[in-house]
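Enquirer: Take the given structure of chain A and dock chain B to it, following the hints.
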Amino acid sequence: MNIEQTARRLRAREISAVELARESLKTIQAEQPRLNAFITITEETALEQARCADEDFAKGIDRGPLQGIPYALKDLFDTAGIRTTGGTKIFADRVPTADCAVYEKLRGAGAVLMGKTGLHELAYGITNNNPHFGPVRNPHDPSRIPGGSSGGSGAAVAAGMVAFALGSDTGGSIRIPAAYCGCTGHKPTYGIVSRYGCMALGNNLDHMGPLTVTPRDAALVMDAIAGYDSRDDSSIATPAGDFWRDSFSLRGVRAGIPENFFTERLAPEVAAAFQAALDRAKSAGAELKPIRVPDPEALNVIGRVILMSEVSALMEPYAHRRDEFGPDVIALIDQGRMLPATDYINAQRLRRRWQRDWAKVWKDIDILLTPTAPIVAPKIGQTTVLLGEQEEDARLASTRLVRSINVLGLPALSVPLPVSGLPIGLQIIGPPFADNLILSAGGCLA
Amino acid sequence: MTDWKTLAALRCSDIPPDAVARIAPSLDALEKNFRPLAATLTPTDEIAVTFSNLQERAE
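Sequence lines, in order, name chains A and B.
Note that numbering that gives the first Met the number 0 has the first sequence beginning at 0, numbered continuously upward.
Note that numbering that gives the first Met the number 0 has the second sequence beginning at 0, numbered continuously upward.
If you are wondering where the hints come from, they were derived from the structure by calculation, not from laboratory data.
Treat the hints with care, as some may be off.
[Said to hold, decoys possible] List time: in silico DSS-like cross-link candidates among lysine-lysine, alpha-carbon distance up to 30 Å: (1) A/Lys58 to A/Lys104; (2) A/Lys288 to A/Lys359; (3) A/Lys362 to A/Lys281; (4) B/Lys31 to A/Lys359; (5) A/Lys88 to B/Lys4; (6) A/Lys104 to A/Lys25.
Note that the structure is a prediction, hence the values are computed from the model and not measured.
In isolation and in its complexed conformation, chain A is listed as follows (with noise of 0.2 Å):
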């Protein structure tokens, strides 16, 4: 389910908002039992969405291209009414009083909500292998994870549930996902979605985001999500919509293509994938320019002690309630406690010395290229993976190439690449506020 198509349809009259919504809740039931994309299905609240996007089509009001579309968001959005779980037994049974900024933004658009997506346990890991609600499946491949924390958003889409979903990502929970099933996923730069009304992991490190079929669609998302908000301190005023440039070419575009960490232990067909990729790009006219990047395995360090400290903080208060976590959560949160202040602060001042440093890499190029994970999804259960003759976790395996982006605040996107077996993603990094040039670029790559 395409957004651009879908609203096409709309306005042509071959198909109404209840009927998209009626079509969408018969996937997501026909679906779910196999996949467990979902924690919370709104039947009622969609139909009722649908049917006001029906009355304003009837009366000539149109609040744009989503309009009447199925969507989902991560169960951490919170959402009046509707119970916002994040993932985890402690908030099974939460039901905000308010709308998160994204929701209140995509109900003025118009948009259907079809229901609340399962996710890693508190968005703190990538495999989705939830203990409370069950483990959510990759739609390529049921006994594989989607990739996390945001992959019940990303088999949602990928399994034509619904036709986009919102998610979250502290290290890549949004370009994981979307690269292991198979579909768009942006991480938009950070501070211009606001984070108000959404449950936070790492306050310095969220980042609310589209999960979608094209690039394309995502630019249509942020031109509805985007923008300033008073509510969230990191929030930031940027120029208001066109988050897609038409008729954009690749022709002059300067490709940075990295000589270090980017490329190094990749599963033989991710790097055959990303050569292909590179092929097109150059076919296209980008002009690739061999790059060495600053340290990125530095940052993930630097990440992981930010992180660490920022979520075990926000759960002090419940950190007692040991036995009502999952194992690896509970694991993570201990870690987190036993980091003193000064390395917080230290990884906080290494932070901002490599943000200047890498300001320098866009002098020289526009975009970046990459692989979004060095490996295809792993098995459920899988702890390790394989690479070369090196032995790697498979968590940290999967969040290796995107963590180091949320330290630095960039935009980041994970495009589909065309490939026959599980699905692989291209990742494309841009510098602060150029969220325009990478999904463009992306509708030229996927």
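Expert: Structure of chain B alone, referenced to chain A:
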């Protein structure tokens, strides 16, 4: 090498010893990678606790 068991007993006494033993290798690995980075900091390296890309745009 940090004695995590003693540290946990002093700072986070609710974390059971077996849980400390399980996370100690991860903490050791993090220390091994983070300490050398932190050692490079100088007094001119400012803190960026309130992160903002506005700083980036200004540069």
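Enquirer: Hint by hint, say whether it matches the structure.
Expert: Consistency of the hints with the structure:
1. A/Lys58 to A/Lys104: Roughly 21 Å separates the two Cα atoms, so the pair holds.
2. A/Lys288 to A/Lys359: Judged against 30 Å, a Cα distance of about 15 Å means the pair holds.
3. A/Lys362 to A/Lys281: OK: A/Lys362 and A/Lys281 at ~20 Å, within 30 Å.
4. B/Lys31 to A/Lys359: OK: B/Lys31 and A/Lys359 at ~28 Å, within 30 Å.
5. A/Lys88 to B/Lys4: 28 Å, holds
6. A/Lys104 to A/Lys25: Measuring from Cα to Cα gives roughly 26 Å; hence the hint holds.
Every hint from the earlier list agrees with this structure, and none is contradicted.
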